[in-house]
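A.B. asks: Those protein sequence lines, which keep their order, are chains L and F. Take the first sequence: its position 210, counted from the start at 1, is 205 in my numbering, and no numbers get skipped. Take the second sequence: its position 89, counted from the start at 1, is 183 in my numbering, and no numbers get skipped.
Hints are computed from structural coordinates only; laboratory data are not their basis. Just so it is clear, the structure is predicted and the values come from calculations on it, not from any experiment. In this text, a Cβ means the ideal position worked out from N, Cα and C, and glycines have one as well. Among the clues, some could well be false.
Among chain F residues calculated to face chain L with C-beta under 10 Å, some are [said to hold, decoys possible]:
#1 176
#2 178
#3 207
#4 267
#5 271
#6 274
#7 281
#8 282
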Amino acid sequence: MRRTRPHHDTSAVLGAILIGLLLTPVGTVATAQEISPRDILERVDANMTVRTARTKAQMTITYRDGDVRNMLYEAWAEGTDRSFLEFTAPARDAGSRFLRRGDAMWIFLPRVGKSVRIQGHMLRQGIMGSDFSYGDASENPSMVEDYDATIESEVDLAGRPTYVLYLTAKRDDLSYQHRRIWIDSERWIPLKEELFAKSGKLLKTATFGDVRQVGRRWYPFAIEMNNELQTDTRTTLQILEMDFNVNVPQEVFTVSYLESGF
Amino acid sequence: MSRTRRRIPLARLAWRNAQRNTRRTLLTVSAITVAVAALTFAQSYVTGILGNFLDTYARTETGHIRIRADGYTERERFMPLHMNVKGLSDLLPAIRGNPGVVEAIPRIRTAVLVDGAGSNRPGMLLGIDLEREEGYLNPSEMLLEGRIPRAGHPEVMVGSELAEKLGVSVGDTVILLGQTAYRSMGGARLEVTALSEMGMAYFDATFLVAPLDQVQQMTYLDDASTEILLFTSRPESADSLARAIATDLALANGQELEVVSWKDQAQMFRVLDAVKPIFGFILGLLLLMAGLIIVNTMLMTIMERTQEFGMQAALGMRRRDIVVLIVAEGIAIGVIGAIAGSALGSAVGIWLEATGIDITAATRGINIPFQGNIYPDWQLSYALIAAVAGVITAGLAALYPAWRAIRNTPAEALRA
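Modelling step: build the complete structure from the supplied sequences, incorporating the hints.
C.D. replies: This is the structure we're talking about:
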């Protein structure tokens, strides 16, 4: 199996979309008494990582003025390094495709007819006019490797026992220098996450829901993201269908496929 | 104290005294000349700068009146395309029908990601009515190379510096990705038909100009734009015109719109208001320096003439007359300097008003709306103000030497 970096950088809805929500058939539910922050993160990573997956999902963006945008997409993912996504609805957005390979990202719009590689410092820019940066979509840090973690407390969140972990980045180039994550201490999935800038300012809050049992382990099928700075948006991601460990044709992750499509 | 004593011909005496040491007088005169010339020119220059600012700002940013969707200003930094002005085909003729309106131009302003020659940069896309913009945004004057994009064609004019950073030139293709009116992602593939240079650093490094219809297609703004700029022949009364237009539109149009006079878009005016006192301070310093030179040279004169003043006092000349005599001498010098200075300052101002001062190099990298040339705006009042200020300064500067001259009793002065 190819090296898979732990995923669940669910901080970025778009990241989640692009990665296509990944699962790995690992998953023994641990109930150790003495547990280190690192153990917790490794279990979460293991739980949330997948070899391959095919996903259909709905993304809903709700604006402060009451406007709501619904979009459907289909995505392929392999490990955490490769993903392909195509919007299928509404008609206006249908055929818009995204490809991610490692840190590289391409966008294809049918109207343009040619793919664009998003690169360099542009990855740090917001996708024009939206809440998400390209970096959100392509940056995929390993929580175990890229962050120092401490257990802040153990609390109940929405009726579930959780560990509250506080993460501090070891590198300067990560979008979120601090993260606070509420982790279900029986199912080893995140239930809530707060993402902070270096200054300590709260940037985004993610809430995980619709937790379902898939095989032997649990997985959140819905994520709600609140952008705390640009307070007029709330984005919900609802997985409609998910197939794990499917065979993904390798040409899916190529630019020529991006420009010709499914 | 009879009245006959008052008939001392002080002015003539002062004039004659001023001629005693020609070289020293010329030095004093030249100090005033330089100060008055600088003052005359500086006023013209500052007015020219401010005029350039306001004119450029109006043509590129605000118009004399700007109409946008209600609430747009508050959310301006996000450039929300879903907040737009709809029904242009009805709205524009109606607005142009107002006799106070010289021109009404729709523009779409939107942030884009520009991809060209394999690299990306952030850019600002302006969708404009290329023909109507002549005299306003002035696409043909911005043209550095190539030809202006044509309406109805997928073409774009790229800021010279942006083009250089992207590595594209005329004939190449750029891809633009941005927002749509439905808040989704839109894009366009446009041929670069022209490079532009506006002399405004931020403009040249970020802006792309494309036909309005192309940007409307890309952003799904059918028959809509993000703003309409209005220009009037009487910019100073834009406020009342804005109110009238707002009333008209409220009656005729169902949309909630912001109709704002450029005078209410206070950002730039605040900057200017902050700058003005600084100029005033600098000019004040200049006058102070000229005044100090006068104090200095006249003190020398007075020292040399101490015995003379003692004699005059002993002969019955009153202290007040001596003060008036010395101040009159200062004023005489001031008048000569003021005439020479205002003439010199006016000459330079008028000359540069015709030729312009190219400051393109100096404004590179500055993020202000400013076009390459400054044309000083000379006015007769500036020369007069400067001349009066010069004469007053000279007169005031003579007060101290005058006081020194009458400090001693006639006997002390004669013994000195």
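A.B. asks: For each hint, tell me whether it holds in the structure or not.
C.D. replies: Now for the hints, and whether the structure bears them out:
1. A cut of 10 Å between beta carbons decides the hint on residue 176 of chain F: the least distance to chain L is about 7 Å, and the hint holds.
2. With 10 Å as the threshold, the beta carbon of residue 178 of chain F stays out of range of chain L, its nearest partner Cβ sitting at about 13 Å, so the hint is violated.
3. Among the interface hints, the one on residue 207 of chain F holds; its C-beta lies about 6 Å from the nearest C-beta in chain L, closer than the 10 Å criterion.
4. Checking residue 267 of chain F against chain L by beta carbon gives a least distance of about 8 Å; that is within 10 Å, so the hint holds.
5. The beta carbon of residue 271 of chain F is positioned within 10 Å of a beta carbon in chain L (closest approach about 6 Å), and the interface hint is therefore held.
6. A hinted interface residue such as residue 274 of chain F counts as satisfied when its beta carbon comes closer than 10 Å to some beta carbon of chain L; here the least separation is about 8 Å, so the hint holds.
7. With its C-beta approaching chain L no nearer than about 4 Å, residue 281 of chain F sits inside the 10 Å limit, and its interface hint holds.
8. Taking 10 Å as the C-beta contact cut-off toward chain L, the hint placing residue 282 of chain F at the interface holds, the least distance being around 7 Å.
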